[in-house]
Structure formats: C-alpha cells, structure tokens
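Number of protein chains: 4
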Amino acid sequence: MRTRPSFERFDEEWARKAMERSPSPKGIDGYLGIRLESFEPGRLVASFPVTDEIVTMIGNIHGGCVTALVDHVLGVVMYPVMPPKSWAATTEFKVNLVAPVSSGVVRAEAEIVSMSARLAVVRVEVTNTFTKPDATEETTRLVALGQGTCTIVAPKG
Amino acid sequence: MRTRPSFERFDEEWARKAMERSPSPKGIDGYLGIRLESFEPGRLVASFPVTDEIVTMIGNIHGGCVTALVDHVLGVVMYPVMPPKSWAATTEFKVNLVAPVSSGVVRAEAEIVSMSARLAVVRVEVTNTFTKPDATEETTRLVALGQGTCTIVAPKG
Amino acid sequence: MRTRPSFERFDEEWARKAMERSPSPKGIDGYLGIRLESFEPGRLVASFPVTDEIVTMIGNIHGGCVTALVDHVLGVVMYPVMPPKSWAATTEFKVNLVAPVSSGVVRAEAEIVSMSARLAVVRVEVTNTFTKPDATEETTRLVALGQGTCTIVAPKG
Amino acid sequence: MRTRPSFERFDEEWARKAMERSPSPKGIDGYLGIRLESFEPGRLVASFPVTDEIVTMIGNIHGGCVTALVDHVLGVVMYPVMPPKSWAATTEFKVNLVAPVSSGVVRAEAEIVSMSARLAVVRVEVTNTFTKPDATEETTRLVALGQGTCTIVAPKG
Chain A
10 MRTRPSFERF DEEWARKAME RSPSPKGIDG YLGIRLESFE PGRLVASFPV
60 TDEIVTMIGN IHGGCVTALV DHVLGVVMYP VMPPKSWAAT TEFKVNLVAP
110 VSSGVVRAEA EIVSMSARLA VVRVEVTNTF TKPDATEETT RLVALGQGTC
160 TIVAPKG
Chain B
10 MRTRPSFERF DEEWARKAME RSPSPKGIDG YLGIRLESFE PGRLVASFPV
60 TDEIVTMIGN IHGGCVTALV DHVLGVVMYP VMPPKSWAAT TEFKVNLVAP
110 VSSGVVRAEA EIVSMSARLA VVRVEVTNTF TKPDATEETT RLVALGQGTC
160 TIVAPKG
Chain C
10 MRTRPSFERF DEEWARKAME RSPSPKGIDG YLGIRLESFE PGRLVASFPV
60 TDEIVTMIGN IHGGCVTALV DHVLGVVMYP VMPPKSWAAT TEFKVNLVAP
110 VSSGVVRAEA EIVSMSARLA VVRVEVTNTF TKPDATEETT RLVALGQGTC
160 TIVAPKG
Chain D
10 MRTRPSFERF DEEWARKAME RSPSPKGIDG YLGIRLESFE PGRLVASFPV
60 TDEIVTMIGN IHGGCVTALV DHVLGVVMYP VMPPKSWAAT TEFKVNLVAP
110 VSSGVVRAEA EIVSMSARLA VVRVEVTNTF TKPDATEETT RLVALGQGTC
160 TIVAPKG
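These protein sequence lines are chains A, B, C and D, in that order.
Every position in the first sequence, counted from 1, becomes a number in my numbering once 9 is added.
Every position in the second sequence, counted from 1, becomes a number in my numbering once 9 is added.
Every position in the third sequence, counted from 1, becomes a number in my numbering once 9 is added.
Every position in the fourth sequence, counted from 1, becomes a number in my numbering once 9 is added.
Note that these hints are calculated values from the structure, not bench results.
Warning: the hint list may mix true and false statements.
One copy or two, either will do: identical chains are not told apart, so a pair holds if it fits within one copy or between any two.
[Claimed, not checked] Pairs of lysine-lysine, DSSO-like flavour, derived with a Cα cap of 30 angstroms:
hint, residue 1, residue 2
1, Lys141, Lys94
2, Lys26, Lys165
3, Lys35, Lys94
4, Lys35, Lys165
5, Lys141, Lys165
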C-alpha cells in the first residue's frame, strides 16, 4: 500500500520561472547543464546531456555528475510545495549507483514521499537514455537510486 | 520513467514454504512475530503485530523493531528470484523513520528495483495500520522508508 | 584533520541511572539484553551477548539484531548532552554489515560527530569479540559501521 | 575499540603519479579543481578551492560540489591498495551535509575502514578551512560526513 503526502500548496509561478532560468549560467548545475524539465506537486524531472567534457578517459562519466544531479533535485523539488520564503536544506542523502553512463541524456525524477512541517523525505530515480552502437532506437536504463532528507527552514522574523 | 528488472525465475515453492514457516519459533524475527504475507517476483509483504511486550514506557515501539523488519524483508525478498542455493547477504541499508508506532500492525513492502548477477538494490516501505482512539475505522500511515544493497553469493562448488 | 563538537553539558546522573537500569526488562533491547557499559560526553559503549536464542539455523545472528543495537545507541548517546527534558528522535541511519556473528559479545561504540541545536550526526562502530574454535584467546573484529541523524526535540511549553 | 584493515600492498608509484596529474584538465573533478594532496595506505586527502564560479547567488557552494568530492575520494583511495589492474566501482554512499561553505578550501579525508576481496567500506570527512570576515586566522570546521561501499572488480582474463 502506497501512502503519499498531499500538498497544501503548489507554486506554479515559482516552478515556471525556475524552469525558464535553467540551465544556470554558472555553478556546478550550470557546468553540467542541468535543465528543469517539469514540476508537479511533490515531483520534479530534471536532466543534463552527456558531453565530451564530462566523459573520462575510461569512457564513462564521473559518478559525481550523477550525485550532483541527485543533490540538486532533492532540494529543488521542495520549493513549490513549502511555505513561501522557506529554505530547503539537504540534510543528508544516500545514493546507489547501478550502471555506468557514457552517452545520451541523464534524467532524474524526484518524488517527495514524506513531508512534515520540518522534514521531508525525497526519493530520486536516475535514468540514462541513449542509443547503443548500431542501434536505431533509444534505450532507457536505471543508473542510480537515491533517498534523502530535507530540512525545511522557516523564513526569519 | 520507471524501469524495473525482469526476473528469470520465481520459486513459488520456496515462497510458499517460507510463508508457512513464518513466524519463526525463535530469533529476533520470531520475537517480533514477523509473518511473511505474500510474495510476487521481486516483491514481498511482511508484517508484525504491535504487542504490549514491544511498546516502551513512552508508549511507542523501539525503532529497532522497524529496522529489524526492514533488514528481514531486504534479504528474504531475494530468495525466490536468485539462482537456486545462492545466498543473499545484506551488505548495507539506509532507513528513514518518519512516524512513531504505538498500536496495530507494522507492515513492510520490499521491492527489488535493480538486480545484476552480483548485486541487487531493494527499496522498502513500512506502514502502520491502526485504529485511532474513538475512531471506528483503521488508518494506514507511512512510518519508514528504506533502501539497501544485497550481495548475491553463488553456491560453493 | 578531525573536528569534533564540544559539549556544554554532560548529565552523569542520567548516564549512571541509564546504565543501572540496563538491560531493560522488556522491549527489543530487553530481548537482546543490551547493556549500557560506559558513557563519556558524546560517546556510548553498549553490548549484548550472543545467545542460542538469537542464532539462526545457519549459525549466525540475524542482521536485525545488529541494526537494532545501532538504532539503540544512536538515540541513547544523545541524552546526557542534550538540554534537559529534550527528546532525541532517530531521523534516519545507514549501516554497513561487514562480517557475520555467531558467538561471543556484540559491542557498539557510538560517537556524536556533529551537533547543532536541532540536529546531530552520530557514527557507530560495531565489533564482535569471540573465541575461535580451538583458540585460547579472544578475537575482536569489526562487524558493522553506521552513520545516522538525530533530531533534538525541545520539551513542550 | 577501533579495528582497521591492514593492507598487503601500497602502490606508491600509482599514488605519486595520481597526485602529479591532479587536478584533471577536464571532467567534474577538473571543473572543481580537485587536487590529490596525500596518500597513505587506506587514506587519501584531497581538496578544491572555493572559487567565484561555484558560489551561488545565496553565497554558498552547491551541495553537489561537496558530494562530487566525496564520490571522488571514495573511489580513488582504493587504487593503491587493490590488486594491480583492479577497478573500484562506487556501489553506493551516504553523506550528511552539516554546514554551508562560502569561501576558502574544501578538503576531504577518506579512510578505508573495512576491506575484503570484493568489497570495501570507506568513510569520508569533509572540512572547510576559511578566514572569517575581520578575522586574521583561519578556521576549520566540519561540513560533511560520508560512508560508502566500493566493489573491487578484478581485471579480466
């Protein structure tokens, strides 16, 4: 039996602007080219393209690219559903890296699975969509699974 | 996009016997009265009743009861889908405890979300079904979320 | 460079009573016979004996016994150093299980490695001290490593 | 009682070359400027400088910079102590982020705390050394704590 939180608010305006402003012109999310693709209450999909810049000599991308994406969506998914002007601090997360990535697009889907006034638990699934050599159609496979805790910090005074 | 493993085998006989033999007459799973309720390929539901024995002075059960259930289902869900005579070692897991438990039934659902020849990632959701004071109907709420790694150990020789 | 928190208070009286009252007459900590052995500011050592009751047919103890001990020390280590009447909620933890246990004593050492007004991070190392067949001296080996987050809940009103 | 693995080999040549070649000219570790500072058997210290490029509008660095460093040292610490030509795959890790970073240097120390033929557990502590406004001396504080699992993959053939 799946039990999921219901959300009292969903700030579509915030979500729309955040999508428009992505990818960021600087910072690690800008370096990776993380683009916010879609928001729903308690959900966020975001992705980055696998460029030559991030592929290592071994032919795969560094795990740190995937974990930076996990960290990014863990926090950003919180904003449209928190009280206005609150701040989401990523307290901790855990990630399993289950397959390497060498081309295509890396996409994360974050879902808030538990939320109280102070804490939320977010789960993240990361997939890689790519075209295998000699193939004509794209393949999508799971590359990472995350679970983390966000602390909701109320605005001051 | 959800991507889940497909399973080459599902040993219904093993699953049926494991359910019949639960709860165990001894051990921590026997102490808690963990009952295996249902198996599907890559899924297991198991539960224990909240007895006076495990409720502390504060009125809640010890978090260790919930984490022992998480540990239990993480390993047991693997057996019907592994090659015969393999052994599933719980390498590590992470658990978020999101609500206290004081009565009713604690139920875990484990799902294998990634599986290779050597490693599997399992996610677990734990709920508590109970009747609130003065209520007539049962409530089910989320109490814990886990994610862990099992190592599949091949039989010797 | 190791940086560790300093603690403004250390309630020796609380620690002394908690040690005297352990093992608990009931609950999962009582079932395992968890004994609080020693407290220092930000540190706790606790153990349980490996009895026939908790050894499974395979000859090892259930991982849930070890994770229940981890959960126990994660919370209890907090009490002597928190403001009086606060409550420590184990928000989440992660544990690696690195070796099986079949006899002797299981001992955990918890250390508070970070602490703010609201959150603490605790690390736990679990060892097994036992005598190998045909050996005359005891061996101690690492069996589990944990890291978790406690939320410090202030007393009401 | 601390129990730590002993290491049968320590490839100083590998370590020396890896230090010389850091920071990488490309990739996420190159973007951050991660420099390998020192190796000992089972230990690695590495750092990156906090540049304007990685500081966000809020004035702090993205958590993904810290978690990318954790991911990096988790794998790299393994190479000098593994059998030659083995490969270390970061299977999973967990990280607690305990303080923000806005200037100075971010430094991680990785320690292999458990190691078998196939799996290792690595702990990481991340500190930030910086000069507070109006201060004359540097301060070092803890910013993150990690624990993860590496799978040791033997060379083919």
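**Request:** Compare the structure with the hints numbered earlier in the document and write down the numbers of the violated ones, lowest to highest.
**Result:** Nothing - there is no hint that the structure violates, so all of them hold.
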